[in-house]
Amino acid sequence: MDKALGDKRTILILLGPALLVYSLIMLVPIVWSLGYTVMDGNPIIGFQFTGFDNFATFFSDPAAWEAIGFTLKYALVLTVLQVAVGYGLALLYVFWLRKASSLIRTIVFFPVVLPTVAVALLFQRLFEAAPTTGPVNALLNSFGIASVDWFGTPDASFWIVILMDLWRSMGFYAVLLYAGLVDIPDELLESARLDGAHGWKLVRSIVLPLSLPVLLSSLIFSINGTLKVFDTVVALTNGGPGNATTPLTLYMFQTSFTYGDYGYGSTIALMLTILCLLFTVFIFRSTRRDLTKG
Amino acid sequence: MTTASMRRRLLPLGALLGAGALALTACGPADGGSSAGGDDKTFTYLGQTENTTIVKTLETLGGDQCAAEEKAAPLTTDSIAGTQWDQKLQLLAGQGALSDMSMAAGTPSLMQQFIDAGQVQDLSKALDDLGVADKILPAAESTIKALYGGDTLYALPTELNIEGFWYNKQLLADNGIEAPTTWGDLVDAAATLDAAGVQPFAAAGKDGWPVTRLVGDYIVRDLGPDALKKVADGDAKLTDPEYVAAADAVAELGKAGYFGDAVGSVDYNAAMNQFLTGGAAFFYMGSWALANFNDAEQNQIGVDNVGFAQFPDVEGGAGSIDQVPANVGIPVMLSTNGYTDTTADWLKCIAENYGDTVLADSGVVSGFALENPPADLPETTQTVQDVIANAPSSVLWFEALFTSKGTTVSQTNGGGLGNGTLTGAEFMDLVQSANDQG
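Top to bottom, those sequences are chains S and Y. Residues 1 to 294 (the working numbering) make up the first sequence, in order. Residues 1001 to 1438 (the working numbering) make up the second sequence, in order.
Be aware that one or more of the hints could be misleading.
Derived contacts from chain Y toward chain S, CB cut-off under 8 Å, selection only [what the hints assert, rightly or not]:
| hint | residue |
| --- | --- |
| 1 | Gln1113 |
| 2 | Ala1270 |
| 3 | Thr1408 |
The calculated lysine-lysine pairs, modelled on DSBU-like cross-linking and capped at a C-alpha distance of 30 Å, are [as the list claims (entries may be wrong)]:
| hint | chain 1 | residue 1 | chain 2 | residue 2 |
| --- | --- | --- | --- | --- |
| 4 | Y | Lys1255 | S | Lys73 |
| 5 | Y | Lys1230 | Y | Lys1145 |
| 6 | Y | Lys1088 | Y | Lys1125 |
| 7 | Y | Lys1255 | Y | Lys1237 |
| 8 | Y | Lys1041 | Y | Lys1071 |
| 9 | S | Lys228 | Y | Lys1088 |
Derived by calculation from the structure, the hints in this document are not laboratory data. No experiment lies behind these values; they were computed from the predicted model shown. We treat Cβ as the ideally placed atom computed from N, Cα and C, and that holds for glycine.
The following block holds chain S by itself, in its conformation from the complex (with noise of 0.2 Å):
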């Protein structure tokens, strides 16, 4: 085998397909879309040199802001979310449900596999205000309150993204940490049961520590994950009400091809790439210094 590998014909001859398929779908794609940030236009009218025109619409655009600011609160909101109930979850298939954990976790895991799409629809209705009034509607109604129209109200329709973001997400977050979990060594646990730590006390000092590389991935990729939102708001919002709901992706992708500007397009797409790399950079900083101390 170390033969085979130590020739370069192999090499290249396993390699050679897969890098091709590549880079003709994805780095071709991604530098000539570098390429049209400094242009303007689209297909159907040519395309022009402008410079750095596009960076300064976007500095200067406030709908820009707007969708980096939906964006980040997204992102933010949901991250913690995401990783602090699926870490709640976790904590609770190994320590309380144990062996019976399987069906709970089939359960909470079965909203990840559903499509986004089938989802969105599903908490449309829930959601509904007319013409029909849906089912949570209905029961504030029953309380004597009246209808709320969840998704004309900005604040409401990013509540109704978060909360369904959540339930599809939180399953496969529990099962990514519960891995983790199930790694601690037993006899670790039980030295430390033996020198009196229960309950939270036990968590926060074998349990977190321990698991703290597993949740610095699920922190990682959830922030990725929800940098880059998009199909959980086409589907359930559109960006709407107004463009109160509209992440930088949507933005993006409206501009390239419904405003049919791919200059400017790109030019969001390329911000968006850079955002997400700085926070992938922040966060991996941020929690070495923590684990080196630790």
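Since the structure of chain S is already known, use the hints to place chain Y on it.
Chain Y alone, transformed into the frame defined by chain S:
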């Protein structure tokens, strides 16, 4: 060379070819490109899923008056959802793959790009060459030309619509209200109805445009028919106080709850249903809704119970009530790529027969001249024809001359205006800055 060593040498080549083929299929069109035009053997049409009238009429023509054309180049139709319409057209136009005939871009500014890029057939010339230029009604022709800013006809008027307030005669009579002729009357009527527990207006706030149309009409009535053209030319801004006043007037209706509690979630069909089941007194809509009004199954209040009032005068305004808000719905265009001899034959046949067929079968008033008008038209349809015949001039709608972005921003925020969460100034600010970005 042994077979084994040859096989070894060919292996990397085969792998590369396989990978390349895989990559190429990934770049190919997802739907097999069935709707692309350009050949002489079929006549392709692409439309919006929501609009079944055009495709139904074309199919009827293909089986009857245009049977010879259908035999030479069978009609092949395809459709996609209206919400993705402009995106899809841009992608098709970018690849030079527009259908022989398709509904035009929803945004006139996008249509302008297609025209500038030479993708859309010059119909003034084509119809002249075919000797059927007189089959397009002058009113429809001038509306289309105003829309695309030129002296050339680039689309066929498959509809000719007027817009205004349709009202439930019974509900108005019960509350002692007459059809309003001034904005003040309309606001008073809404207050009276609201106090009596009747929702004054049905409106699709989710779609937005039924609300923003009111803003546009108010501007035209208050500041005169050229007020929106001034905005498009840069001589005025939507954020100027006299323009903001129009948005404020509509926002006040929204704040008072006259559009209903959940107007932001009401879509087109729901609003239509609300009006046709007696759930609201007024309904601002175009005359394309006649098809729904004339359908006894949908219209539970009865077609005789539906009245039409022109958008009212604004007291002291420069506009007048007889300037009818008009549009040609979404007209159809022909692509230059697909304009072959067989397409020209189809065009001639459509120009000669579309008007009669669509009026007789679907009750839609089109911009084509009628040869044999049907004798027994419903009263509402007759009203629309009379208004069109008697109108001295027409005006365009609020977003007609906006950019793609301006149109989208205006319509997505229409719901906010309708439920009172946006003030007139905030709304106009959003729309103006979207238009400025272009």
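Right, here's what the structure says about each hint:
Residue-level restraint check for Y:Gln1113 holds (minimum Cβ-Cβ distance to chain S is 5 Å; threshold 8 Å). Interface hint at Y:Ala1270: satisfied, since its Cβ lies 4 Å from the closest Cβ of chain S, which is below the 8 Å cut-off. For Y:Thr1408, the interface hint holds, the least distance from its beta-carbon to any beta-carbon of chain S being 6 Å, beneath 8 Å. Distance check on the hinted pair: Y:Lys1255 and S:Lys73 sit about 29 Å apart at the alpha-carbon level, within 30 Å; holds.
A distance of roughly 17 Å separates the Cα atoms of Y:Lys1230 and Y:Lys1145; the hinted pair therefore holds under the 30 Å criterion. For a cut-off of 30 Å, the pair hint linking Y:Lys1088 to Y:Lys1125 stands: about 27 Å separates their Cα positions. About 24 Å separates the Cα atoms of Y:Lys1255 and Y:Lys1237, which keeps this hinted pair within 30 Å; it holds. Distance hint between Y:Lys1041 and Y:Lys1071 is fulfilled; the C-alpha atoms sit about 10 Å from each other, no more than 30 Å.
At roughly 23 Å between alpha-carbon atoms, S:Lys228 and Y:Lys1088 fall within 30 Å of each other, so this suggested pair holds.
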